[in-house]
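Asker: Here are the chains, one letter per residue:
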Amino acid sequence: MTVPRFDELIHSPTRLAIVSLLAASEWADFSYIRDTVELSDSALSKQLTTLEQAGYAEIRKGFIGKRPRTSARLTIQGRAAFEQHVAALQQIVVRSGATILPAG
Amino acid sequence: MSDEVSPAEAAQALADIQLRQQQVIDLATIPAWYWWAVGALMVVLGVGVDSHSPVAIGLTVPVFVVGILAATGWVFGRAFRHAQLRNGLLDGRAVVSILGFVALIDLATIGLAFGLRAAGVGHPATLACVVGGLVMGAGGPVLMRRLRAIMLSNRTGVAR
Chain A
1016 MTVPRFDELI
1026 HSPTRLAIVS
1036 LLAASEWADF
1046 SYIRDTVELS
1056 DSALSKQLTT
1066 LEQAGYAEIR
1076 KGFIGKRPRT
1086 SARLTIQGRA
1096 AFEQHVAALQ
1106 QIVVRSGATI
1116 LPAG
Chain B
1370 MSDEVSPAEA
1380 AQALADIQLR
1390 QQQVIDLATI
1400 PAWYWWAVGA
1410 LMVVLGVGVD
1420 SHSPVAIGLT
1430 VPVFVVGILA
1440 ATGWVFGRAF
1450 RHAQLRNGLL
1460 DGRAVVSILG
1470 FVALIDLATI
1480 GLAFGLRAAG
1490 VGHPATLACV
1500 VGGLVMGAGG
1510 PVLMRRLRAI
1520 MLSNRTGVAR
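These protein sequences, in sequence, are chains A and B.
Heads up: take any position in the first sequence, counting from 1, add 1015, and you land on the working numbering.
Heads up: take any position in the second sequence, counting from 1, add 1369, and you land on the working numbering.
Next comes chain A alone, as it looks inside the complex (with noise of 0.2 Å):
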């Protein structure tokens, strides 16, 4: 059972969408999340390079041919803390009284 744990860091709008993307993927590519969460190469860096020093996310560099490629994946620890942060999430909703997200 997942202990909630409200984690500001990852609360933050735009690292939440880029850690929710990594939470469905073993990685993900550098230019997919960019384009997915649409911002900047800049932008993204400096939000991976965050979660990256918390610990809870991996940064891989590497070359296909000689093109280079950078992806990401979360740590373990980065999966379990957003795993209770989803579960903290899921408290305020449900001690408000209101029914908690459908399945699916």
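By construction, these hints were calculated from the structure, which means they are not laboratory data.
This one's a predicted model, so the numbers in the text were calculated from it and none came from an experiment.
Any given hint could be a false lead.
[Unchecked claim] Under 10 Å between C-beta atoms, here's a sample of chain B residues computed to sit facing chain A:
(1) ASP1385
(2) LEU1388
(3) ILE1394
(4) ALA1452
(5) ASN1456
(6) ARG1524
Note that CB positions come from ideal geometry on N, CA and C, so glycine has one too.
Use these hints to put chain B onto chain A, whose structure you have.
Answerer: Positioned in the frame of chain A, the structure of chain B alone reads:
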């Protein structure tokens, strides 16, 4: 900080989380044309087998193999360039669905082909591959909808 977040804000954040995860899941959706293309390639292979001609078999087998590799490479390459789905999104229900689909295709093609041949029907491989191809084209999108529903139900934060 959590005390400052209203239930409405929390609900909105949860909805955003679900949506973002759904975007990744939708990347892995195999388009309907893929299943019909594989079905058509099966028919090409069946025609080659029924011809009993080494030349025809020599032509249809490479068409089948290259066609499958090209279609599969295009579909999966597109998805894998962007992101790789989290392994936990697919569970035992997905495995059963995929194995069931494979068994259905096998039954509709190989089983039917042997049955037709035993009954003395002409062009058994072609007829069986037409049936198998139709099952593939019609059933593939159904399988994808099932797998998508399973993955959506396994997203973080979905009430179970």
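Asker: Look at each hint and say if it fits the structure.
Answerer: Here is what the structure says about each hint:
Contact between B:ASP1385 and chain A, as hinted, is supported at the beta carbon level, the nearest pair being about 7 Å apart and thus within 10 Å. Checking B:LEU1388 against chain A by beta carbon gives a least distance of about 8 Å; that is within 10 Å, so the hint holds. At its closest, the beta carbon of B:ILE1394 sits 6 Å from a beta carbon of chain A; the interface hint therefore holds under the 10 Å criterion. Satisfaction of the interface hint for B:ALA1452 is found here, the shortest Cβ-Cβ separation to chain A being roughly 4 Å, below the 10 Å cut-off.
With a cut of 10 Å, the hint placing B:ASN1456 at the interface with chain A holds, because the nearest CB-to-CB distance is about 7 Å. Because the smallest distance between the Cβ of B:ARG1524 and any Cβ of chain A comes to about 6 Å, under 10 Å, the interface hint for this residue holds.
Checked against the numbered hints listed earlier, the structure breaks none of them; every hint is satisfied.
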